[in-house]
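Asks: With the hints as extra help, turn the sequences into a complete structure.
Line by line, the protein sequences are chains A and B.
Each number in my numbering corresponds to the 1-based position in the first sequence with 11 added.
Each number in my numbering corresponds to the 1-based position in the second sequence with 87 added.
Because the hints were derived from the structure by calculation, they are not lab data.
Treat the numbers as computed from the prediction; the structure is a model and nothing was measured.
The beta carbon of each residue, even a glycine, is placed where N, CA and C say it ideally should be.
Any given hint could turn out to be false.
[Claimed, not checked] Some chain A residues close to chain B (C-beta under 10 Å, calculated; not the full set):
#1 E65
#2 S68
#3 P120
#4 R159
#5 V198
#6 L205
#7 S227
#8 V228
#9 E251
#10 L265
#11 V266
[What the hints assert, rightly or not] Covered stretches of chain B, as calculated for chain A (at least 3 residues, CB under 8 Å):
#12 265-274
#13 289-296
#14 329-340
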Amino acid sequence: MSQTMSPVILEAMSLCRTFKLPRTSLSSARAERHAVVDIDLTVNIGDRLGIVGESGSGKTTLAKLLLCLDKPSSGVIKFKTQELPLADMAKFRREVQVVFQDPRSSLDPRMTIDQIIREPLECLNLQEDHDTRIDEVLDHVDLERKMRARYPHELSGGQRQRVAIARALAPRPTVLIADEPVSALDVLVRDEILQLLAGLTDNLGLTIILISHDLSVIARLCDKVVVMQHGRIVESGATENVFRSPQHQFTAELVAAVPRLPEIR
Amino acid sequence: MSLLEVTNLVIRFGDKVVVDDLSFALDAGERLGIIGESGSGKTITSLAIMGLLPETATATGSIRFEGQELLSLNDREMSAYRGNRMGMVFQEPLTSLNPLMRVGKQIAQPLRNHRDLSLKASLARAIELCNRVGLPDPERIVRAYPHQLSGGQRQRIGLAIALACSPALLIADEPTTALDVTVQKEVLKLMNELVAQEGSSLIFVSHDLPVVSAMTETIAVMRSGKIVEHTTVSELFHNPRHEYSRKLIDTARATEAEFKRFAIGTS
Numbered sequence: 012m013s014q015t016m017s018p019v020i021l022e023a024m025s026l027c028r029t030f031k032l033p034r035t036s037l038s039s040a041r042a043e044r045h046a047v048v049d050i051d052l053t054v055n056i057g058d059r060l061g062i063v064g065e066s067g068s069g070k071t072t073l074a075k076l077l078l079c080l081d082k083p084s085s086g087v088i089k090f091k092t093q094e095l096p097l098a099d100m101a102k103f104r105r106e107v108q109v110v111f112q113d114p115r116s117s118l119d120p121r122m123t124i125d126q127i128i129r130e131p132l133e134c135l136n137l138q139e140d141h142d143t144r145i146d147e148v149l150d151h152v153d154l155e156r157k158m159r160a161r162y163p164h165e166l167s168g169g170q171r172q173r174v175a176i177a178r179a180l181a182p183r184p185t186v187l188i189a190d191e192p193v194s195a196l197d198v199l200v201r202d203e204i205l206q207l208l209a210g211l212t213d214n215l216g217l218t219i220i221l222i223s224h225d226l227s228v229i230a231r232l233c234d235k236v237v238v239m240q241h242g243r244i245v246e247s248g249a250t251e252n253v254f255r256s257p258q259h260q261f262t263a264e265l266v267a268a269v270p271r272l273p274e275i276r
Numbered sequence: 088m089s090l091l092e093v094t095n096l097v098i099r100f101g102d103k104v105v106v107d108d109l110s111f112a113l114d115a116g117e118r119l120g121i122i123g124e125s126g127s128g129k130t131i132t133s134l135a136i137m138g139l140l141p142e143t144a145t146a147t148g149s150i151r152f153e154g155q156e157l158l159s160l161n162d163r164e165m166s167a168y169r170g171n172r173m174g175m176v177f178q179e180p181l182t183s184l185n186p187l188m189r190v191g192k193q194i195a196q197p198l199r200n201h202r203d204l205s206l207k208a209s210l211a212r213a214i215e216l217c218n219r220v221g222l223p224d225p226e227r228i229v230r231a232y233p234h235q236l237s238g239g240q241r242q243r244i245g246l247a248i249a250l251a252c253s254p255a256l257l258i259a260d261e262p263t264t265a266l267d268v269t270v271q272k273e274v275l276k277l278m279n280e281l282v283a284q285e286g287s288s289l290i291f292v293s294h295d296l297p298v299v300s301a302m303t304e305t306i307a308v309m310r311s312g313k314i315v316e317h318t319t320v321s322e323l324f325h326n327p328r329h330e331y332s333r334k335l336i337d338t339a340r341a342t343e344a345e346f347k348r349f350a351i352g353t354s
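Replies: Okay, structure coming up:
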């Protein structure tokens, strides 16, 4: 387990994101929704951090903020001590990559697998042989190299998520943010993808931020966890401590609600 | 005689066979879980029983319910069963409820159609049903539109609609997949209680083994349109015969072991 020794790579301080809701009446002000409220978060290099919470708790908004795909209403995010957005965002994009929930909507249906994985390499202007790199990342995610010529609709859900992971790995990121990467997948496929992610974080020394509503997914992959409710972090710590002796009522409820197999003797 | 008897059911979309020679029976009060991956034909099977197959699908074989052959009925004859002797809860309550109709009226609809109740009497019954599915402040809830309710509340409404006419058979197709775990726990508990009180039979369709095994006594495992194994929950766990069942159980066990490593003694 990584200790506090390793340097900080991402840091959020007093992070807030407030959305204005649609106007419901001419004579009243627009209501606001506080999606992320006063969040402090430190991610060290090598962390496997889980973010868990129910739908609407602000997990995805937090992920978007950390990815610099959205601007905080207040608060600061630092990447390696520099405040986001950086002057040179390409550097950030190279180092921080993302895998989304549903590979059916996150992969462009009109592009081949080759084009999908090649895109970040070209956009980020990486000086290396792109063909070799595409083969390498396909190897990393256990997809056959001949898949390059295929289109997303020809692949299964699990294979598509492997492509999404390959695309994220292509620019050699240090941080991978995965937002519900397995919740759209069947149970057995889910297991394969989690194994793949665990292997990749080990072999490539990735820092991973995994967002999930499923505690068993977090237990499988993460050594640290933060629990979110109503936009706030209600509890955080080492996964085993948080799950074994939850301090907050909400965490205890989450842990107790995980469906268990019947006791069969 | 069984409540439901499905014999040699084959469902095709054009040349594509999605349900392949399926046979099973369900007694009154029995609870059957159908488990399988997406595309295995479990949803199409439940839709066929409800007479809700899309028009592009053709079904052959036999589905007998309370002695009546359902496949020979037209849509109008089928609608006498739907919401009456058979109820269904769908996966996503946001799409299965009518967004333009107050939920009270949606609960009242099967009562109006099948029980010949007046609007007033059916709305009063809708309030009772809301109460029964554990919704707070039912007088206010019946006047709400689906978008004003939370996911868990919407699924409780779905359950109230399905159970309004005390059906002999309730089909629940992934009823908690779209819900948060804490809400899932409550909805499953509620469904368990209500089905027991009503003495209804239950077909519970899911891809989630822990959830299915908590809700039913027997499980049918589906793969590529076929039932590859159909047995009791305990027999399935003790002695899974099909490779796919074994994988499902091993994965569920491994996931649980991993989780228990952290969360011992918390429940």
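Asks: Report holds or violated for chain A covering the region 329-340 of chain B, Cβ cut-off 8 Å, minimum 3 residues.
Replies: Per the Cβ count (5), the hint holds.
Asks: Answer holds if the nearest beta-carbon of chain B is closer than 10 Å to that of A/E251; otherwise answer violated.
Replies: 5 Å, holds
Asks: Taking 10 Å as the limit, does the beta-carbon of A/E65 come near enough to a beta-carbon in chain B?
Replies: A/E65 check passes; min Cβ-Cβ to chain B is 4 Å, inside 10 Å.
Asks: Going by Cβ atoms only, is A/S68 closer than 10 Å to chain B?
Replies: 9 Å, holds
Asks: Just to be careful: measuring from the Cβ of A/V198 to every Cβ in chain B, is the smallest value less than 10 Å?
Replies: OK, holds: A/V198 within 10 Å of chain B, min 6 Å.
Asks: For the hint on A/V228, does the least C-beta distance to chain B fall short of 10 Å?
Replies: The hint holds - A/V228 has a Cβ within 10 Å of chain B, the shortest such distance being about 9 Å.
Asks: A closest beta-carbon separation below 10 Å is what the hint needs, so does A/L265 meet it against chain B?
Replies: Interface hint status for A/L265: holds (6 Å vs cutoff 10 Å).
Asks: Next item in the hint list is A/L205. Is there a CB on chain B closer than 10 Å to its CB?
Replies: A/L205 check passes; min Cβ-Cβ to chain B is 9 Å, inside 10 Å.
Asks: Mind checking the CB of A/S227 against every CB in chain B and telling me if the closest is under 10 Å?
Replies: Result: holds, 4 Å to nearest chain B Cβ.
Asks: Given A/P120 as an interface hint, is its Cβ closer than 10 Å to any Cβ of chain B?
Replies: 19 Å, violated
Asks: Would the stated hint for A/R159 survive a check requiring a Cβ distance to chain B of less than 10 Å?
Replies: 25 Å, violated
Asks: Would you settle whether the hint for A/V266 is holds or violated, based on the nearest Cβ-Cβ distance to chain B being less than 10 Å?
Replies: 5 Å, holds
In summary, the structure is inconsistent with hints 3 and 4 from the numbered list given earlier, while agreeing with the others.
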